[in-house]
Structure formats: C-alpha cells, structure tokens
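Note that the protein sequences, when read in sequence, are chains A and B. Using my numbering, count along the first sequence one by one with no gaps and you end on 157. Using my numbering, count along the second sequence one by one with no gaps and you end on 125.
Any given hint could be a false lead.
Stated by the list, open to error - In silico DSS-like links for lysine-lysine, alpha-carbon gap of 25 Å or less:
1) Lys74(B) with Lys145(A)
2) Lys62(B) with Lys84(B)
3) Lys145(A) with Lys82(B)
4) Lys102(A) with Lys56(A)
5) Lys62(B) with Lys145(A)
6) Lys145(A) with Lys102(A)
7) Lys124(B) with Lys74(B)
8) Lys102(A) with Lys62(A)
9) Lys84(B) with Lys71(B)
Said to hold, decoys possible - In silico negatives: residues of chain A with every beta carbon more than 10 Å from chain B:
10) Val64
11) His74
12) Gln82
13) Gly96
14) Ala99
15) Gln125
16) Gln142
17) Gln153
These are computed hints drawn from the structure, not numbers from a lab. Virtual Cβ for every residue (Gly too), placed ideally from N, Cα, C.
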Amino acid sequence: GAGVSQSPSNKVTEKGKDVELRCDPISGHTALYWYRQSLGQGLEFLIYFQGNSAPDKSGLPSDRFSAERTGGSVSTLTIQRTQQEDSAVYLCASSLQGEKLFFGSGTQLSVL
Amino acid sequence: AQSVSQHNHHVILSEAASLELGCNYSYGGTVNLFWYVQYPGQHLQLLLKYFSGDPLVKGIKGFEAEFIKSKFSFNLRKPSVQWSDTAEYFCAVVSNNNDMRFGAGTRLTVKP
Chain A
46 GAGVSQSPSN KVTEKGKDVE LRCDPISGHT ALYWYRQSLG QGLEFLIYFQ GNSAPDKSGL
106 PSDRFSAERT GGSVSTLTIQ RTQQEDSAVY LCASSLQGEK LFFGSGTQLS VL
Chain B
14 AQSVSQHNHH VILSEAASLE LGCNYSYGGT VNLFWYVQYP GQHLQLLLKY FSGDPLVKGI
74 KGFEAEFIKS KFSFNLRKPS VQWSDTAEYF CAVVSNNNDM RFGAGTRLTV KP
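For reference, chain A alone in the conformation it holds in the complex (with noise of 0.2 Å):
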C-alpha cells in the first residue's frame, strides 16, 4: 500500500478483555516496529520484526503482550486481559532494512 496502515483507529473496550490491534506495512518492507504512546509520554518500544522473526522483544511490557507477523507483511499486535494502563496509542512503524521509518497513524486503545 502507499503508507502503513493501522487498524483500527479507535479501539474502547472493558477491563479484562483481549484486544487485537493490527499494522499493515509497506509492502517490501522487512522490517516492522511497534511502538506505545502513553498519555504525555514519549514514545515506548514494544518489538521490533525483522521478516517474520523477533529479534528483539525487549520492549514487551508484560506477558500479556503478544505479537506476531505472518508472510512477512501484515502484524498483529495482542494484549489479553487488557487493564487500565494499557491505555495509550499503538504506533506501528515498518522500514527497509536499516533504512528510514515510516509511521502508521496509530491505534489508541482506551480501557474502560
């Protein structure tokens, strides 16, 4: 596609619930980041693929988050038994490798 696409914008939902958040890459883009955008903060990593491997998923915050990416495009980001401070904005960013990124605009996900 002609930029990164998040889906879906605006995501409300209860305490307890599962939350699926997905991102659409550029297509030809190997590399895929998720990023967390909490109310006046900066920007948190969460993980980072390269392919559909994740070399690094340092930024994880709990086991509750998960994420995977299948063909080497489309990822997926989940949260189960979502709580109160999983509220923030889910950024998805994708690149070539080592090249320059390009930012989906964003999920924000409000936990009621």
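Using the hints provided, position chain B relative to the given structure of chain A.
Same frame as chain A, now just chain B:
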C-alpha cells in the same frame, strides 16, 4: 487534523558545522513536542521533549530545540555536528487527546 512538517529532507554538513532542522506543526491546542533520532539500522531514540516551561529545551548529545508558539515551530539545533550525528531525525507532536503525529523525517549526513 494536525500535521507536522519537516522542510528539509536531506541535509549534508561537514563536521563542526552548525545544524538547524526545521519543524512546524498545525494544531491550535496545547501540544507536547518531541525530537527523535534514528541512527542507521536502529530504532528511535528520544533526543529531547517539550511539555511546558522554558521554551528552550536541552537534550542529549548537545542538541537543543526552541519552541516558538507564535510560529508553531520547534526547530532542532546543534552548534557543532559530528560524523556520529549522521542519522534520520523525526519531529513529533502530541495533542491533548494523545494523537501523535510524526514529520516525514530529515536525513542528516555529516561528512568527516
């Protein structure tokens, strides 16, 4: 919708030259402002941020930025660049509803 403009796509400087990278945004409300750096092959690092107070913000590695509200600008500066400053620089704006927007990035190449 808010947007962020970085006017310089690629800046090439010699070591010890002074640097100024432009960032302008369009949003009428209260914003938090950030500059991030992406070194080759790495993901983002925070250089500096402005939330409130002194509009001249000091960051890491000798970088600073000045928030000029009347100009909707947050330009990044460094008095004397080094070869190791070669990277991609992103300006980001977060509005009061936590909507985060990035500029397209400015590539800085510093020649030794």
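Do the hints match the structure? See the list:
Pair hint Lys74(B) plus Lys145(A) holds up; C-alpha atoms about 21 Å apart against a cutoff of 25 Å. With a C-alpha separation of about 18 Å, the suggested pairing of Lys62(B) with Lys84(B) holds against the 25 Å cut-off. About 29 Å separates the Cα atoms of Lys145(A) and Lys82(B), which puts this hinted pair outside 25 Å; it is violated. With a CA separation close to 24 Å, the supplied pair Lys102(A) and Lys56(A) stays within the 25 Å bound.
Restraint check for Lys62(B) and Lys145(A): satisfied, since their Cα atoms lie roughly 21 Å apart, inside the 25 Å limit. About 20 Å separates the Cα atoms of Lys145(A) and Lys102(A), which keeps this hinted pair within 25 Å; it holds. Proposed proximity of Lys124(B) and Lys74(B) is supported: the alpha carbons are some 18 Å apart, at most 25 Å. With a CA separation close to 23 Å, the supplied pair Lys102(A) and Lys62(A) stays within the 25 Å bound.
With a C-alpha separation of about 20 Å, the suggested pair Lys84(B) and Lys71(B) falls inside the 25 Å cut-off, and the hint holds. With a least beta-carbon separation of about 17 Å from chain B, Val64(A) lies farther than 10 Å from that chain, consistent with its non-interface assignment. Chain B leaves His74(A) outside its interface by the beta-carbon criterion, the shortest separation being 14 Å against a cut-off of 10 Å. At roughly 5 Å from the closest C-beta of chain B, the C-beta of Gln82(A) falls inside 10 Å, breaking its exclusion from the interface.
Every Cβ of chain B is farther than 10 Å from the Cβ of Gly96(A); the closest lies at roughly 15 Å, confirming the non-interface assignment. Every CB of chain B is more than 10 Å from the CB of Ala99(A) (nearest about 13 Å), matching its label as outside the interface. At roughly 23 Å, the least C-beta separation between Gln125(A) and chain B is larger than 10 Å, which holds for a residue marked as non-interface. The claim that Gln142(A) is not at the interface with chain B is violated, since a C-beta of that chain comes within 10 Å of its own (minimum 8 Å).
Gln153(A), annotated as away from the interface, has a beta carbon of chain B within 10 Å; the closest lies near 7 Å.
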